[in-house]
Amino acid sequence: MKLVTAIIKPFKLDEVREALSAIGVQGITVTEVKGFGRQKGHTELYRGAEYVVDFLPKVKIEAAIKNEMLDQVVEAIEKAANTGKIGDGKIFVFDVEQVIRIRTGETGAEAI
Amino acid sequence: MKKLIALLALFGAVTLGAPGIALAQDKGAPAATTTTVTDTVKVDAKAGTVTETVKVEEKKEEAKPAAPSPNKGDVAWMLMSTALVIMMSIPALALFYGGMVRAKNMLSVLMQVFVTFSLITVLWCVYGYSLAFTEGNAFFGGFDRLFLSGALDAGKGEFAMAATFSKGVVIPEIVFIAFQATFAAITCALIVGAFAERIKFSAVLIFMVIWFTFAYAPIAHMVWFWMGPDAYTDPKLVDELNAKAGMIWQWGALDFAGGTVVHINAGVAGLVGAYLAGKRIGWGREAMSPHNLPLTMIGASLLWVGWFGFNAGSALEAGNSAALAFLNTFLATACAVLSWSFGEWIFKGKPSMLGAASGAVAGLVAITPAAGNVGVPGAFVIGLAAGLVCLWGVNGLKRMLGADDSLDVFGVHAVGGVLGALLTGVFNAPGLGGPGFVTDWVTAATGFSSIGEQVWVQAKAVGVTIVWSGVVAFIAYKIADLIVGLRVTEEEEREGLDVNSHGETAYHG
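If you read the protein sequences in the order shown, they are chains A and B. Residues in the first sequence are numbered consecutively from 239, following the numbering used here. Residues in the second sequence are numbered consecutively from 839, following the numbering used here.
Don't take each hint at face value.
[To be verified] Pair ranges (Cβ atoms, derived):
#1 B:F1312 <-> A:K278: 43 to 49 Å
#2 B:G1234 <-> A:Y289: 54 to 60 Å
#3 A:G322 <-> B:T1327: 26 to 32 Å
#4 A:R276 <-> B:G1240: 44 to 50 Å
[What the hints assert, rightly or not] Derived contacts from chain B toward chain A, CB cut-off under 7 Å, selection only:
#5 V1232
#6 N1233
#7 G1271
Read the hints as simulated data drawn from the structure, not as lab findings. Where a beta carbon is used, it is the ideal one built from N, C-alpha and C, also for glycine.
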């Protein structure tokens, strides 16, 4: 089992969710986050005061999937979240030791 | 508790100490020499004086002219204007300022404006009005209207009348009192922006009591108190009557709605406060971005609407002068929004919403002394100049001054006020489309001296206001500092004034 974590541009969230549903991903968790990468921040000017805003708003998506779906999922996110411009985000893949469905007590791949 | 007692003691000292000052002044004997009416009402004016009921022996058998009664249209307009100016403080100014601070200090700013507004309204009715708008000397008024005594006898249905700028046109004095109360209150509330985000709430209140008493009231008296047009019945009386007016009025300075009294006065007090309170923690290193510019935009817009009451209402009657002030307030403000926005676009890269809102306020400030004193050409130039000059006021000038004037009270109000006051002296000239001013109150004839002469008079008025307000503000902050301290602790400042000074937070979730 794998956990795919993707940081994407907020306005790409709907497209990514649709792409993941289309290939059969059962559920995702979404968090609004802030951060910076190569895109860096921007400056804001309020009357005489200039502030560098380091952290830009992004959306973090997490999806637990079966091993065999990994390539498909990564490809789907990559395609849907791509604008070609700096700041499109990153995808991280982790191994998952165990998954438990709280309601039934099912474990492992069945619980995903 | 100790602090509270100190506060009350101070309040008491100010109120009780006042009669002492009164005794020290010699009050001119009431002049009611030429009236032929029994039990008539002596009417004074805008900056109106108080009216007194004077018993006079009837000398002739002629038909006595009826005491002037107010026109319903004038009264309706002045009540409306008064309500509009109340709206300028709460919520307009509170929102304009509140949107510009960080979320953790939102309520503290709303609260400082709200309570200052209420405090000054109360003090106004206790002694402020009397000190500003009754006969006294060239600097302070007297105590004839303590607790508004004599302004009305509700039981008998008797209302004293206050004069306007037209002979024989009066409004109930209590309307004038309420209208002027809103000016005193918003002037004090304006200062809050300069030391926002770090000041102690109790220090604000102590400062306000002292500054209002010893800076606002006398400046209002100096600029606006005179005996009113109806008193000028005979050329022989002119010198005597003029001598009873406030010092700056006697010089002939033009201030239609409060360039000196309101904006320069508050702006200077703000700057002194910014210096004495010191910079906010993290100033220049941490981001102190406005937390809600939509609220600032709503506040600025409500200020603009309310300012029609402020400026057009300062005509004191619903006539040509009010109409002129209305149009100028409308036009100059729009000009200032454009000039600030384009100035920002050219010099800073982008036209910002905060800039447009600030431009509107800058334009409103600058047209305030000019409102009914200039024509349309004046409105164009004053508005366009205000946007650019105040843009510099919050950038280049602010850096030069080096004070952390949080919300640019000095850069917008004092700078815009000085600009407006000086340009009023220029564009009042009939040659530049202005109406000129009344040169002879006996005949109500208008004229104009020369631009150079009038600008010099305006500059003197500006100078006196700056020095007077600055000195009183300095002393008032020092007293507040001695009694309670000006600033909250570093920890409280970091966490925010809302939760530490007021025990609540503006936003949840």
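To see whether the hints hold, each was checked on the structure:
For B:F1312 paired with A:K278, a C-beta distance near 45 Å keeps the hint of 43 to 49 Å intact. For the pair B:G1234 and A:Y289, the beta carbons lie near 19 Å from each other, so the given range of 54 to 60 Å is not met. At about 51 Å, the beta-carbon gap between A:G322 and B:T1327 misses the expected band of 26 to 32 Å. In this structure the hint that A:R276 and B:G1240 lie 44 to 50 Å apart at CB is violated, the actual value being about 37 Å.
For the restraint placing B:V1232 at the interface with chain A, the shortest Cβ-Cβ distance is roughly 4 Å, inside the 7 Å limit, so the hint holds. A hinted interface residue such as B:N1233 counts as satisfied when its beta carbon comes closer than 7 Å to some beta carbon of chain A; here the least separation is about 4 Å, so the hint holds. For the restraint placing B:G1271 at the interface with chain A, the shortest Cβ-Cβ distance is roughly 32 Å, beyond the 7 Å limit, so the hint is violated.
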